[in-house]
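S.K.: Start from chain A and add chain B according to the hints.
Chains as they are written, first to last, in UniProt numbering: chain A, 1 to 479; chain B, 1 to 479.
Each hint should be verified, as a subset may be incorrect.
Stated by the list, open to error - Here are the simulated lysine-lysine pairs, PhoX-like style, with alpha carbons at most 25 Å apart:
hint: 1; chain 1: B; residue 1: Lys-89; chain 2: B; residue 2: Lys-149
hint: 2; chain 1: B; residue 1: Lys-306; chain 2: A; residue 2: Lys-372
hint: 3; chain 1: B; residue 1: Lys-372; chain 2: A; residue 2: Lys-306
Simulated from the structure, these hints should not be mistaken for laboratory data.
Protein chains: 2
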Amino acid sequence: MAARTKVVEYVDQNADSFIERLAQAVRIQSISSDARHRQDVIAMGKWLNDQLVSLGVTTKLVDLGTHVMQGQTLPLPPAILGKLGEDKKKRTVLIYGHYDVQPALKSDGWNTDPFELVVDKEGGKLIGRGATDDKGPILGWLNVIQAHKSLGLDMPVNLRFCFEGMEENGSEGLDECVVDEVRKGTDGYFSGVDCVCISDNYWLNTRTPALTYGLRGIAYFSINVTGPGQDLHSGLFGRMVHEPMTDLIKLMSRLVDNNGNILIPGVDEMVPPPTPEEINLYREMDYTTADVEEAAGGPIAISEDKVTVLMARMRSPSLSLHGIEGAFSAAGCKTVIPSKVGGKFSIRLVPPQTPENIIPLVNAYLESEFAKLNSKNKMTIEYLHGGKPWVADVKHWNFEAAKRAIEAIYKKTPDYTREGGSIPVTLTFAEALGVNVLLLPMGRADDGAHSTNEKLDRSNFIEGTKVLGTYLYEVAAAV
Amino acid sequence: MAARTKVVEYVDQNADSFIERLAQAVRIQSISSDARHRQDVIAMGKWLNDQLVSLGVTTKLVDLGTHVMQGQTLPLPPAILGKLGEDKKKRTVLIYGHYDVQPALKSDGWNTDPFELVVDKEGGKLIGRGATDDKGPILGWLNVIQAHKSLGLDMPVNLRFCFEGMEENGSEGLDECVVDEVRKGTDGYFSGVDCVCISDNYWLNTRTPALTYGLRGIAYFSINVTGPGQDLHSGLFGRMVHEPMTDLIKLMSRLVDNNGNILIPGVDEMVPPPTPEEINLYREMDYTTADVEEAAGGPIAISEDKVTVLMARMRSPSLSLHGIEGAFSAAGCKTVIPSKVGGKFSIRLVPPQTPENIIPLVNAYLESEFAKLNSKNKMTIEYLHGGKPWVADVKHWNFEAAKRAIEAIYKKTPDYTREGGSIPVTLTFAEALGVNVLLLPMGRADDGAHSTNEKLDRSNFIEGTKVLGTYLYEVAAAV
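Just chain A, with the same shape it has in the complex (with noise of 0.2 Å):
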């Protein structure tokens, strides 16, 4: 029997103990932006390098040193480096995941306690927080070296492995560790690295596996407006003064169209049409305009065309209205004319957007269309933050090889998808170490990575480890 049917075999037959493996990784309440917490997601980080240890995988803790987050200053958890293997025939892999989870309490709305991973038989799922956000693909890696391990095989090309512990708060101090690692050249953990690995998104749907080869940027604004020298009262001063939230009200207002097109000139121009190649990539995804609706909860899909909601969320860029800083926000009357108001806004961008060509253009548009309200207020347009997009192209070796993988396993070709997201160490990976980088999701699009009752489909987690297994061996044989 070949080597790769001997490790899906033992996936099957040890699928029970692997379960009980992601329970203990559950039960640890590793959450990243609650200061309580902090002592829980370092104890994970310790599990999960005691656990890779244990596989005989070499590691390294590195320390990223302190933050100050509600009022405390406390240690970051460390990112752990891992190698396995120094095959100079063999290709290397990098594979990156997080052992922080999001906050998660039962009064949220969990029908369960949410660090108890309750096995669902008759749904055949796995409910917990962390179960596919991102504990279940981390534990999938495990269960694949456990079993070259006990099978008494070798692994078919040598791991890298980049895990961090705050990622659901901004991957603090990762990208340096990253380049500093890189930087280190051979003697560094991400020296020969061939291509990279990421588990941490979804399908596009629930039926589907998928491969992800691109992410939106995304450029986070506020347009700033400001007269009065206080709040005023709109009895005593309403329609005497301009009014700040008037304009900003007119300015925002002419950003995007309801049916969702950029009104600054230029944004959506930067992006090429599609080919008739790329809109037949969309029209054979596994997807309905229901899927959407299904998603946001209501009947609001931009369109009936699949194709157009496809390209809308995966190679169109977005803008979007968040709301107002400075403005009367809660319930009831308040008869205010606010003094100072920010209007935040975002721009999700696509190649060959960036925040530093997409910037000018809202400067540009902005200042035109004040200096057409000819108003004595003024106004300021604040840049808050950005990121690149990111792109990876799917005809390399290892798309090929993930493809190959799900195809053996799923008997599906996947989806080829594009997140309207971002998940910045990808474009970190790839810029730093200037290898193809693979999004291979676990779980499914119903899985509530973020929400309550988050869960990772007992197939999802025992199919998807014989993928991730699988795709090694694609990765060993591809040319």
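M.R.: Just chain B, lined up with the frame of chain A:
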């Protein structure tokens, strides 16, 4: 010497003791919006009642029941009704005031203890919470009565009083109390009232006394837009769905232009254009655009023309955008597509506008504008609260009497003003009694009624007391 002259002299001779009595009143922390101070409000009512009784006024304390505030069931402070004189040959003047005050803490930015009246001799200011709003004006009336009592003079008119202790907290219970008392006819305290005088607003500036003959009404709305079942991530859903914020901002942007013109068809048009005579009234007012800019704290007057600016507040409706409930409103960045947003705005109303004739115009316009958006979201218009505007006949003998009193004391013709805000009890008296209501302000535009370092100029207290006394003689003499 004529009686009125003796009264004026008495006021000058007793100014210091009048200021001392004001200091006593300021010392009682009658903050009606703070449950911890409710007993102080009641104590203030008792103090005022004792003063009235000692001056010969027959009083009745009306129990207004209880209300729930800050989680507690609290007794409402009583309304104090009073009568002085039953001479059928004399006119009867009803006087309104309120004995409660706004909250004040030294830490808010007061230079002195807000509840110890400071006599700033250099600036001639009486500084303390309630000095101008509204303890000073109430005590002006007590001063006038004391002068007559001490001098052994008959009052030139019969007086009726209505003092409340909840004005700064919604005047709870007062409307019912007034209407009930009017319904009692000749058995009630308001029997035979010929006119009303309210001293609870301010001059237009710091230089010229004013008579106020109009108040704007209000209609307050929320435009509610919903679509998604829950807040969405802008990365995952941006451009795929109709976003409620995009729709709401479009609708809000179509309500008012940057010069304050209301874009809802029929609203501005409902107000008759000013007559040349009326325009002249505004032209003659002691006012410049610098006054509004100083008050607003910025050079943002809607026009350089003072007539335009004054008419905007006094005889035009205004539409202010207050804010958005349900959108992101904090500092920082949040990439949310809010699922349910409510845009708050209100229209200040002038005759012949009423909430009843404005609501249908707002509904029709917003429904038509929303239909143009072709959005799949749902929009509803919520009318939150409102009140009618009020305008009095300035040619009535009540206003003529006040004008002559001001001319006699200040040697100036008063500004005839309309306020942009509301004093709801004005309309209650006008409608329940069917008599002319006069607003006769004692304080200046810069008194800081609801702000820190509230003051009443010493001269406004003393000369203002003289005006009140003289006004009663002019009422008696008016034809």
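S.K.: For each hint, tell me whether it holds in the structure or not.
M.R.: Tested hints:
1. B:Lys-89 - B:Lys-149: Satisfied, since the Cα-Cα distance of roughly 20 Å is no more than 25 Å.
2. B:Lys-306 - A:Lys-372: holds, 24 Å
3. B:Lys-372 - A:Lys-306: Satisfied, since the Cα-Cα distance of roughly 24 Å is no more than 25 Å.
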